[in-house]
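Trainee: Dock chain Z against the given chain U, drawing on the hints supplied.
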Amino acid sequence: MTTHDHPITDRRRFLAMGGVAGAALLAACGTKNDSGATKSTTTSTVAPSASDIAFLQLASSLEAFEVAVYQRAIDGGLIQTPGLLATVKQLQKQHAAHATLLEGHTTRLGGQGVDKPNASLMGQLKPMTDEASFLRIAVDIAQMAAATYQVRVGNVKDSQLNVILASIGGIEARHAALFGGIVGVQLPAASFNDPNGKAVSPSTGA
Amino acid sequence: MEIRPTRRRFLRGVGASTAALTVGPVVLPMTRLLTAAGAQQAAAPTAAELASFAESIELAAASLYGSLRPRLTRPAAVAAATAYARHHQDHANLIGAAAGDKRTGKANMLLLPTLNDQLGQARNENDVIKVAYDLENSLASTYLFIVGSITDAGVLKSAASVLPVEAQHAVVLGTLIGKSTTELTAPDKDHLGYESEDKHLDPAVFPTVVKTTSTTTAAKK
Numbered sequence: 000m001t002t003h004d005h006p007i008t009d010r011r012r013f014l015a016m017g018g019v020a021g022a023a024l025l026a027a028c029g030t031k032n033d034s035g036a037t038k039s040t041t042t043s044t045v046a047p048s049a050s051d052i053a054f055l056q057l058a059s060s061l062e063a064f065e066v067a068v069y070q071r072a073i074d075g076g077l078i079q080t081p082g083l084l085a086t087v088k089q090l091q092k093q094h095a096a097h098a099t100l101l102e103g104h105t106t107r108l109g110g111q112g113v114d115k116p117n118a119s120l121m122g123q124l125k126p127m128t129d130e131a132s133f134l135r136i137a138v139d140i141a142q143m144a145a146a147t148y149q150v151r152v153g154n155v156k157d158s159q160l161n162v163i164l165a166s167i168g169g170i171e172a173r174h175a176a177l178f179g180g181i182v183g184v185q186l187p188a189a190s191f192n193d194p195n196g197k198a199v200s201p202s203t204g205a
Numbered sequence: 000m001e002i003r004p005t006r007r008r009f010l011r012g013v014g015a016s017t018a019a020l021t022v023g024p025v026v027l028p029m030t031r032l033l034t035a036a037g038a039q040q041a042a043a044p045t046a047a048e049l050a051s052f053a054e055s056i057e058l059a060a061a062s063l064y065g066s067l068r069p070r071l072t073r074p075a076a077v078a079a080a081t082a083y084a085r086h087h088q089d090h091a092n093l094i095g096a097a098a099g100d101k102r103t104g105k106a107n108m109l110l111l112p113t114l115n116d117q118l119g120q121a122r123n124e125n126d127v128i129k130v131a132y133d134l135e136n137s138l139a140s141t142y143l144f145i146v147g148s149i150t151d152a153g154v155l156k157s158a159a160s161v162l163p164v165e166a167q168h169a170v171v172l173g174t175l176i177g178k179s180t181t182e183l184t185a186p187d188k189d190h191l192g193y194e195s196e197d198k199h200l201d202p203a204v205f206p207t208v209v210k211t212t213s214t215t216t217a218a219k220k
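Going down the list, the protein sequences come from chains U and Z. According to numbering that gives the first Met the number 0, the residues represented by the first sequence are 0 to 205, in order. According to numbering that gives the first Met the number 0, the residues represented by the second sequence are 0 to 220, in order.
The shape of chain U in the complex, shown without the other chains:
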């Protein structure tokens, strides 16, 4: 069995900075951009991995895709239920924050940050005609995102990324359950989150 990568005391200091978000910021010595979001700027102590960079680019494009889908529903006036519009906007902000964080880690590892929605996924987007169709698509997308992060945990060279990916994946799962509860999709569907058939293939590209 493998043990810790780093002393528990360092982890506690990590936590004192505000959990995973703080950990990410601490690791990246973040700076604020014009929108107030934080981007990482330091160099990594881990040898950059092309596969890590490619995944981060894919994940960034996935988050940007989610932002775009939500925006399409907002702009199209699809959301009619009182209170739901605020919820959608709040979750959209979370996706935007995730995208910024992932983009920062991409550049930290020496890659080119991606801030555009995934073109392949945009091309496959089903029509959204009303609130219910948007919500069902949002559930599917959130589950796809959760699965995509899940399959990568344990498969990254930079072990710091494990926490970040698991953290964001958990939030995607929460989004799926929240929207699923509104449209009658009961989640979790089973004892374990099965990513098979849901995760975005790395070959999809950013």
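One should not assume that every hint holds.
[To be verified] Okay, derived cross-link-like pairs now, EDC-like style, lysine to aspartate or glutamate, Cα gap no bigger than 16 angstroms in a straight line:
no., chain 1, residue 1, chain 2, residue 2
1, U, Lys-92, Z, Asp-116
2, U, Lys-92, Z, Asp-133
3, Z, Lys-129, Z, Asp-116
4, Z, Lys-178, Z, Asp-133
5, Z, Lys-156, U, Asp-193
6, U, Lys-88, U, Asp-157
7, U, Lys-88, U, Asp-74
[To be verified] Some residues of chain U that are not near chain Z, with every Cβ distance over 12 angstroms (derived):
no., residue
8, Gly-75
9, Gly-76
10, Ser-132
11, Val-150
12, Glu-171
13, Leu-177
14, Ala-188
15, Pro-201
16, Thr-203
Keep in mind that the hints were calculated from the coordinates and are not lab data. Just so it is clear, CB atoms sit at the ideal spot from N, CA and C, and this is done for glycine as well.
Mentor: Positioned in the frame of chain U, the structure of chain Z alone reads:
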């Protein structure tokens, strides 16, 4: 809400003097007084020890749902409790298998009585559900803590497959008791929209195996 060991059970469990616990939060004396499998002074827990710890808290969760289900009336809550008890048993089976000779097959000896005490204090159905809601958030947080503590691929994969399920349990239960979108989807303390380790159950505070302390022994001498 952070889950801390119940004081009454703590006293019963280790036989420590009340005086030792009258100052400061419960957590501090716990780490000082207990000699526990997961609380050795300097050694960080191994992947196997964390798997054993995870099994113990999953079994405590499964037991909790069995205890709270008779107090639920809403069909959605009853259905959730029934399903989640099974989920947690399945989680225990999966992650416990990675514990090797550290596996105990037993519910966490401090967490279970702590949860049962909280359940005993619950005055209505929403209070009952909130005990489970808080636990699920803590479990999700604990799996993130585990993910950040190890490099063992098997335990990482298991934790990564369980964490989203615990998070979804929290959302379903939180929705039943009217939690806000922020509470449901941004459990980090800054509410930025991340799972965080802020609410994780600490193996040093809720050890898998609890032994009596030297405090009691010393008092007898």
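Trainee: Of all the hints numbered above, which does this structure not satisfy? Sort the numbers upward.
Mentor: 1, 2, 6, 11, 12, 13, 14
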